[in-house]
Structure formats: structure tokens, C-alpha cells
Amino acid sequence: MSVAVGVDDLTAWLRRFAEVVHERRDELTALDAAIGDADHGSNMDRGMAAVVAVLDDAPPTDAAGLLKKTGATLVSKVGGASGPLYGTLFLRMAGAAGDGDLDDAAVARALRAGLEGVLARGKAEAGDKTMVDALGPACDALDAGVGAGKPLADALAAAAEAAAQGRDATVPLVARKGRASYLGERSAGHMDPGATSVTMLVEAAAATMGRS
Amino acid sequence: MKKLINDPADVVSDALRGMALAHPELRVDHENRVVFRGDAPVRGKVGIVSGGGSGHEPMHGGFVGRGMLDAACAGEVFTSPVPDQMQAATAGVDGGAGVLHIVKNYTGDVMNFEMAAELVAAESGTEVATVVVDDDVAVTDSLYTAGRRGVGTTVLLEKIVGAAAEEGRPLAEVADLAKRVDDAGRSMGMALTSCTVPAAGTPTFELADDEMEIGIGIHGEPGRRRVKVAPAREVAEMLLEPILSDRDFTDGVICFVNGMGGTPLIELYVVHAEVAAILERSGIGIARSLVGPYMTSLEMAGCSVTLLQADDELLRLWDAPVVTPGLRWGA
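From first to last, the protein sequence lines stand for chains G and Z. Per full-length UniProt numbering, the very first residue in the first sequence carries number 1; after that it's consecutive. Per full-length UniProt numbering, the very first residue in the second sequence carries number 1; after that it's consecutive.
If you are wondering where the hints come from, they were derived from the structure by calculation, not from laboratory data. One or more of the hints may lead you astray.
[Said to hold, decoys possible] Far from chain G, some chain Z residues (derived; all Cβ distances over 10 Å):
#1 M19
#2 A273
#3 D312
#4 R328
[Stated by the list, open to error] Keeping only pairs whose Cα atoms sit at most 20 Å apart, straight-line, the calculated EDC-like set for lysine to aspartate or glutamate is:
#5 G:K77 <-> Z:E114
#6 G:K68 <-> Z:E114
#7 G:K77 <-> Z:D10
#8 G:K77 <-> Z:E118
#9 G:K77 <-> Z:D29
#10 G:K69 <-> G:D56
[To be verified] Derived Cβ-Cβ restraints for the label pairs, each shown as a range:
#11 Z:D183 <-> G:A58: 46 to 52 Å
#12 Z:G201 <-> G:E19: 21 to 27 Å
#13 Z:D210 <-> G:A34: 21 to 27 Å
#14 G:G149 <-> Z:G96: 54 to 60 Å
Computed from a predicted model, the values in this text were never measured in an experiment. All C-beta atoms in this analysis are idealised placements derived from N, C-alpha and C, irrespective of residue type, glycine included.
Full structure from sequences and hints, please.
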């Protein structure tokens with residue numbers, strides 16, 4: 001039984017993600033300090049605070065419009081590498097969302113489109129120690145769950161689980177993209193901050209969507 | 001942390017206010033954090049836009065003016081500017097001959113400029129070309145990294161390409177020249193101390209009193225190795241060796257000894273003398289020199305050396321008049 005995901009669900013998802021990023025911004029920044037430039041938590045927090053301001057003020061009233069506005073806001077406010085990557089993720093989701101609310105398959109398609117946007121923008125591959133290592137498995141799990149006819153909430157829970165496993169699996173990897181790549185072998189032994197924040201994003205989806 | 005600032009969150013906007021007041025010949029768009037040439041857009045001239053994280057002054061805002069950049073976007077300290085800024089800069093310098101984006105090779109800078117170029121293409125008729133500067137030989141394995149970082153060659157490239165644009169050359173030629181300069185330049189840096197990002201409040205990395213980091217980036221990224229402090233003579237060798245083994249240099253180079261922000265000019269001249277001595281022994285004559293803090297890393301002590309293989313055309317463009325807060329001659 002498919003549950004339609006609309007503006008209310010997306011709003012709850014984005015607010016939940018903003019809360020988690022804010023609560024755990026120091027953790028994200030500490031992960032980034034170890035192998036990057038120590039600003040992932042503060043940059044994401046600044047970006048999601050701007051998204052919440054949009055939600056509070058005059059948010060678009062259709063799902064695609066809301067996703068597009070979220071992407072554009074992140075691109076404008078975050079800077080660094082996370083701005084274009086998260087911005088592209090939401091902009092591509094908006095492009096794939098179509099008109100009206102999203103059914104289960106459309107949610108999976110949109111997230112997959114977001115992943116493809118991130119791959120195109122960042123030119124990263126699986127195993128490069130980036131957000132792709134968590135987002136990729138999440139998309140696979142979501143596709144599998146929805147394809148098998150599971151309820152969206154269950155499929156998203158499986159996606160969150162897969163993202164977390166992918167995130168944990170970045171620890172031993174040697175970074176091949178972004179500033180962490182300058183460390184070479186020294187980047188091994190640290191969890192990737194982008195994989196960590198995107199896991200929060202999928203977990204926030206599992207906590208808020210498909211429950212109505 | 002002792003710094004001459006107000007609120008750490010306001011450092012970039014406060015500095016831009018001071019810059020606007022000190023240089024009335026420039027026009028500063030405070031909302032978008034873009035420094036423009038006062039007479040931009042210059043009709044019929046290719047517009048030259050650069051930008052990057054703040055904390056490297058005088059780069060890039062200090063290189064805006066006749067004969068160099070038309071606009072520079074200022075990001076947060078050590079953080080790439082966002083596409084909105086680059087779009088505003090591009091629109092503001094488009095004199096009808098197209099715009100060149102000069103981008104240092106860092107993941108964030110490259111992606112934000114890429115998005116800006118896509119937005120410009122989608123929303124206006126302005127033709128945009130891009131050059132990505134990647135000259136730092138400290139990054140060895142480009143296959144398994146984000147590639148070489150853009151460092152000292154950027155300053156020389158902005159001067160030379162700016163002069164070519166001033167001559168009225170078309171965008172395709174200016175962009176080709178920019179790629180040629182990037183191909184001809186190599187750099188290597190070192191640090192004696194760390195730097196402190198105002199918002200972070202603590203030093204970016206730790207370096208013992210008797211240690212230095214060889215191969216440092218301009219954001220305090222780690223270098224190739226950490227060694228005991230040595231005389232300038234040996235430091236010059238440590239910096240030049242990887243440069244000279246990466247590319248064949250012949251007679252007639254532009255030699256740029258850059259200060260990282262916390263090193264006095266007297267020490268940079270000491271380094272320059274040692275660099276010149278090594279080059280002379282290697283049969284590489286210096287055609288032009290630039291010595292000073294032009295691409296800094298906040299208050300980091302240290303230096304970088306850049307060699308650019310010049311030819312008659314590049315030297316002529318290097319000697320052409322330039323009128324900016326950071327570089328000024330011939331005018």
C-alpha cells in the first residue's frame with residue numbers, strides 16, 4: 001500500500017535533518033578536522049538553518065518546488081564542497097519529483113536522481129571515502145524495499161541501516177576526493193564527515209516519512 | 001588567540017568595508033561580497049573574475065584593477081565563495097566579450113564555479129570560459145587525489161592574463177593563454193608556524209618550536225613531511241628540488257618568492273638569494289622576480305617558491321602596466 005509523500009512529509013523531514021545537524025554539528029566538525037578543514041558541521045548547520053527559515057517564512061506549496069528551493073538555498077548558503085553537493089542532491093530530487101505528491105516508487109526515484117547528481121557534480125566513485133559511500137547503499141536498499149512492495153517506512157528504515165553501514169565502512173578507506181585526499185594513507189582510520197551527514201539525512205527520512 | 005578583529009563572524013565583511021574605504025577606485029558590492037574594478041564592465045574587454053576563500057590577502061580582492069582582475073569574490077575564511085557571488089561578479093564585468101573564471105583547484109572552489117558557470121549559461125547570454133590552476137608539486141599522486149592545489153602560479157597568471165585581456169584579445173585566446181601559464185608554473189610551500197582561523201579560534205595544526213612542515217598548502221593542509229628547522233639555504237633546496245624534478249626549466253623564468261603572512265620581507269629576501277643561487281648553478285636565469293606576501297595564509301609563518309617558465313610574450317605581458325592595491329607598476 002503506497003503512502004503519498006507530500007509537502008508536509010518533506011517539511012517534517014527537512015526540519016528533523018536540520019535539528020540533527022544542529023545537535024551534532026560539533027561531531028561533524030570534529031570528523032572534518034581530522035581529515036579535512038574543520039567546517040562541515042558549521043557549514044551544514046548554517047545551510048539547514050537557512051532552509052528552516054524558508055520553511056518558517058513562505059515555503060513553496062508543492063513537493064518539487066520545496067525540494068528545489070531547499071537545493072537552491074543550500075547552494076547559496078553553504079559554500080565549500082558541501083554546498084554544491086547537497087544543493088545538487090535536492091535540485092535533482094526536485095527534477096525527478098514530477099507534479100504533485102510522490103508515491104513510494106517516486107521517492108526512491110527521486111533519491112536515486114539525487115545520488116546521480118552528486119556523482120556527476122563530485123565525480124566521486126564508490127570507495128572514494130565520500131558521502132557516496134553512504135548514499136549509494138541507501139538508494140540500493142530503498143529501491144529493493146520499494147520494489148519488493150514493502151511499506152515506505154520499512155524501506156526507508158532499511159535505507160537508513162544501509163547508509164549507516166556504508167558510513168561505518170568509510171573508516172578504513174583512503175580518501176581519493178576532496179581535501180582529505182591530500183592526506184593519502186593518513187586519511188585511513190577516520191570516518192568520512194560527508195558520509196556521516198548524509199546518513200543523518202536518510203535517518204531523518206526514515207523517522208518522518210511514510211508514517212501517515 | 002590574539003587578533004585585530006571584532007566579532008569573528010564579521011571578519012570578512014568588516015575587512016571589505018575597510019578595503020572599500022581605502023581604495024575608492026574600486027567598487028565593493030557588500031551584499032554579494034564582490035570587489036569590482038571601478039569602471040567595470042569595460043566595453044569590448046574580456047572580463048576576468050577570480051575568487052576564493054578569504055584569508056589569503058592581498059589575493060584576490062587586492063588584485064582587482066586595470067591590467068589584472070575585473071572582479072574578485074570573497075568567501076568565508078578558507079571557504080569557497082558560493083555561485084550567487086560568482087554570478088553577480090560575472091554579470092558585473094561582462095563588457096560583451098565574455099568572461100574568464102580563474103579557479104584554484106580545490107574541490108569546493110571548482111564545484112561552486114562550475115555551478116555558477118551553469119547558471120550563467122542558463123540565465124544569460126554571457127560566454128564563460130574557465131581555467132583551473134593546479135601548480136602545487138607537493139601533491140604527488142593526482143590520480144588518487146583531488147589533484148594538485150592551486151597556489152603561487154595563480155598570482156602570476158592573474159597578472160599575465162589580465163594584461164592580455166586589457167589588450168583587447170578575444171576570450172578564446174585569453175583562456176588559452178591562461179592554460180599555457182598554468183602548464184608553465186610549479187610551486188612548493190613550507191610553514192614555520194600554523195595559522196588560526198578566526199571562527200575556530202585555535203591553531204589549525206600543531207608544529208613544535210623546532211619543526212617545520214615542507215609542502216604545506218595555503219589552508220594549513222598537511223605537507224609532504226615534517227622536519228627539523230634548517231637554514232634558509234637548505235629550505236630553498238627542499239622547495240626547489242621537487243619543482244625542478246617535476247618540470248624542465250630553462251633560462252628565463254619568473255621567480256616568485258611568496259610570504260605566507262607571518263614571515264617578514266627580510267627573510268623572504270634571504271630565501272630569494274638562496275633560490276637565485278641554486279637556479280644559477282642549474283643554468284636557469286631569472287628574467288623577473290616577485291618577492292613579498294601576495295598569497296598569504298592568515299598569520300602563518302613560512303614561504304612558497306613558484307617558478308614560471310616565461311617567453312617573450314609572457315614577459316611582455318608581465319611588464320605591462322598594472323594598477324591594483326596589491327600589484328602596481330608601469331602606470
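Hint-by-hint comparison with the structure:
1. M19: M19 of chain Z clear of chain G: closest Cβ-Cβ about 20 Å, beyond 10 Å.
2. A273: holds, 31 Å
3. D312: Correct as stated: the minimum Cβ-Cβ distance to chain G is 36 Å, above 10 Å.
4. R328: holds, 31 Å
5. G:K77 <-> Z:E114: At roughly 16 Å apart (the allowed maximum being 20 Å), E114 of chain Z and K77 of chain G satisfy the hint.
6. G:K68 <-> Z:E114: This hinted pair holds, its Cα atoms lying about 18 Å apart.
7. G:K77 <-> Z:D10: Given pair K77 of chain G, D10 of chain Z holds - Cα atoms ~16 Å apart, limit 20 Å.
8. G:K77 <-> Z:E118: Answer holds: K77 of chain G to E118 of chain Z is near 18 Å, not above 20 Å.
9. G:K77 <-> Z:D29: Given that 20 Å is the threshold and the Cα spacing comes to 17 Å, the pair holds.
10. G:K69 <-> G:D56: Distance of about 13 Å is within 20 Å: holds.
11. Z:D183 <-> G:A58: 46 to 52 Å: holds, 50 Å
12. Z:G201 <-> G:E19: 21 to 27 Å: Holds - the Cβ-Cβ distance for G201 of chain Z and E19 of chain G, about 26 Å, lies within 21 to 27 Å.
13. Z:D210 <-> G:A34: 21 to 27 Å: holds, 25 Å
14. G:G149 <-> Z:G96: 54 to 60 Å: Distance hint for G149 of chain G, G96 of chain Z holds at roughly 59 Å.
Consistency with the previously given hints is maintained throughout, with no hint failing.
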